[in-house]
Every structure is written in structure tokens, then in C-alpha cells.
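First to last, the sequence lines map onto chains W and H.
Be aware that the first sequence starts at 5, since it is given in the working numbering, and climbs by one per residue.
Be aware that the second sequence starts at 6, since it is given in the working numbering, and climbs by one per residue.
By construction, these hints were calculated from the structure, which means they are not laboratory data.
Don't be surprised by glycine CBs; every beta carbon is placed ideally from N, CA and C.
There could be a bad hint or two in this list.
[Unchecked claim] Restraint ranges, calculated between C-beta atoms of paired labels, are given here:
no.	chain 1	residue 1	chain 2	residue 2	range
1	H	P62	W	Y107	14 to 22 angstroms
2	W	G19	H	G84	49 to 57 angstroms
3	W	E92	H	P47	17 to 25 angstroms
4	W	G12	H	L102	23 to 31 angstroms
5	H	G17	W	G19	44 to 52 angstroms
6	W	T61	H	L46	25 to 33 angstroms
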Amino acid sequence: EVQLVESGGGLVQPGGSLILSCVASGFTVSSNSMSWVRQAPGKGLEWVSGIYSGDTTYYTDSVKGRFTISRDNSKNTLYLQMNSLRTEDTAMYYCARDDRRTYYYSSGTYYHADWGQGTLVTVSS
Amino acid sequence: QSLLTQPPSVSGAPGQRVTISCTGSSSNIGAGFEVHWYQQLPGTAPKVFIYSNTNRPSGVPERFSGSKSGTSASLAITGLQAEDEADYYCQSYDNSLSAYVFGSGTKVTVL
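Next up, chain H with everything else stripped away, as it sits in the complex (with noise of 0.2 angstroms):
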């Protein structure tokens, strides 16, 4: 069972708001850790979307924005797309684990 935990799944309609919540406990996200968030495409190896809570790598769409607060964390898509579709899984660092730790994942559907 991941230490963190996201919902299985999020659903929206093109051009609709969608939000992914990652939520952690006082060992890791609480802990001041960074969060980061990864897309993973069918068949393909993860891709890193947010870094450092609010980061963007270059050529990742500006529809994609991170937050953290306390012991919990979200990303957002604004304006979804057909091409978002994809899995999306959260990371930070567990102390209590020593290790890095993913969230569950969750699958975003575009209607």
C-alpha cells in the first residue's frame, strides 16, 4: 500500500478542469519534502510533468500546474485534451521509510 495516496481515477470533458490529489502524512509531504508529478502514456516509461511542487520542464503545456500544502499536494490540467490521457503518479522522499516513495496513480479519462 503506497504512502501516498491519489484517487484511481479522475474524468473530464475537452476543455474542462481537472485536479489530481496526492496526499502524504508528516514523514514525507509534511516533512517539507518536495512533490513531484509524472505522466506515463501506454506502453511507455514515465515522463517527469512537475518538479519541485510547481515546476514545469520545458515542453510540458502551460495547462499543467502543481501546488503542495501541508501534507498533501494536487495537479492540475486546465483546458483538458484528448492527449492527456495517460496515468499520472505523484513522488517524494519518505524519512520514516528512507526512501522514495510513489503515489498510487491515477488514470485520467477525457470524455
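Bound-form chain W, shown alone (with noise of 0.2 angstroms):
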């Protein structure tokens, strides 16, 4: 059975970094794409991060230059290193492994297919 569970939110204060991680089990993060998620208190969904083959990694443009993603494969999981901190930055941060149908001609768009329970991350003063 496949479970995430990230840990590493809290209250933080604009400027100051944190690093969030999820424990994978069932599968092998070294092996599957995986993103972070994020939702803001009472609004909708935003991908923030994923990291692919050969661990290429993309970001969303509100975060490039801030925020790292990666992973450790002797401990089965991923990362998601968060520097210089905005308000605009909290929300519940999700870890998800990835999934796409692959065709003989091509290859799907990626879905998040698991995902964690996700962990609170609070930018305030």
C-alpha cells in the first residue's frame, strides 16, 4: 500500500526557511516523479515543485531561487528545502508520487496519483 507522510510545517517568520519532508512507503521515491502541492488557507490548489528522471526538477515561478526540491533514496524520501519565506507562502504543503499513461507513441501528462496528508506551513510575525 502506498503512503506519504510529510512532516517539518510550523509558524515561521517572513524571511526564514524550513525544510518540509515525506516519508514514502509502498513504492520508491528514486524511481517514480514526485511533486509538492500547496493550498492556501480557503483557496484552491497550486503545484509548487516536481522532480523527474534523472532528478530534473521545475518550479513554479513564485518560487524559483527559493525553494529546492530533492530526495534521499537510503531513506525513501523527498524534500522540499524552503528559503527566504513570504506570507504569500502559507498554506498545507502536500507530497504526491506522480503517475502518466504511457502510449507507443508518446507519453501522458503526469497526475498526482497518491498523495500525503499534507503539513501546515505559517509565514507570519
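Make one complex out of these two single chains by using the hints.
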């Protein structure tokens, strides 16, 4: 059974840093594409960052240069290093295992197949 | 502002059919990227309900179906039930942003 458990959230002042962790079980993080998705209080979902084959990483524009996604294969864990935090980064942060259909002529578009329960990050003075 | 537009809310009586639209553009849905749909119950993490435009994961009721045409996609719920009351989000990829994008979300209310 696939399980994802996030931790590391909390209250931090603007300009501060946090590291979020997501421990996976039931599958290998290194063999899967993974994402972080966030949801501000009372708002919709926003994809934040993803890590793909060859450890290629991508970020939404608002976090580029501030956030870093990485994974530790020995611990089967996904991370999100968040620096220079802003009040607008306040949100529930979910990690997700990504998947996509494979066709003989191409690959499909990634979707977030499995989700953790989330960890809350609050940026406030 | 989301690149994928959904109606803020839809409602229907039990047993009725409701549809949720997801309107994009030539840089996302219209570019051929697949559309996926998620259900989010209050206080819980989202769950994928439709993937790759039309496919239901195991465990998702058959009354849920997805379609895609041009720059838009739709999620239909046939035979609405009380437990379907939730927020629903569409998701795709946008090649102008080089990012995955979600719709603005739709709250389904069962009257």
C-alpha cells in the first residue's frame, strides 16, 4: 500500500527557512516522479515543484530561486527546502507521487496519483 | 488567476446529473495535454477521480465520467449522491509556463 507522510511544517517569520520532509512507503521514491502541491487557507490547489527522471527539477515561478526539491533514496524521502519565506507561502503543503499513461507513440501528462495528508506552513511575524 | 477556469459552484438534487467545465487555452488543454480531475472532501487531501481525460481509478464510482474537446474538458456526475458533495479540481500542463496547472475549483452541493 502506498503511503506518504509529510512533516516539518510550522510557524516561521518572513524571511525564514523550513525543510519539509515526505517519507514514502509502498514504493521507491527514486523510481517515481514526485511533486509538492500547496493550498493556501480557503484557496485552491497550486503545484509548487516536481522532480523527475535524472533528478530533473521544475518549479512554479513564484518559488524559483527560493525553494529546492530533492530526494534521499536511502531514506526513501522527498524534501522541500524553503528559504526566504513570504507571507504568501502560508499553506498546507502536500507531497504526491506522480504517474502518467504511456502510449506507444508518446507519454501522457503527469497527474498526482497518491497524496500525503499534508503539513501546514504558516509564515507570519 | 488560474489558467484553467471552472465555475465556482454547481448544485443538483440527489439523482440528477451535473457537469463541471474546465476551460483552458492553446497552451494547455488545447495543446493536447491530458486533463485530470480531483475530489477534495473538507479537511482532507485531494484524491484523483479521473485521469488522462476519461479514465477512472479503481474504487471511483462509475457515475463519474470525464471528457475533453478542444480547449475544454468536463467532469460529469450522473445520479448525484450526498457523498459527492465536495470540491473538484481539474489539472493539466501549460507549456507557456512550463508548469502543471490546476483549475480554480468547483464546489458541488447536493440539494
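Kindly indicate which numbered hints from before are broken by the structure, ordering the numbers from low to high. Result: no hint breaks.
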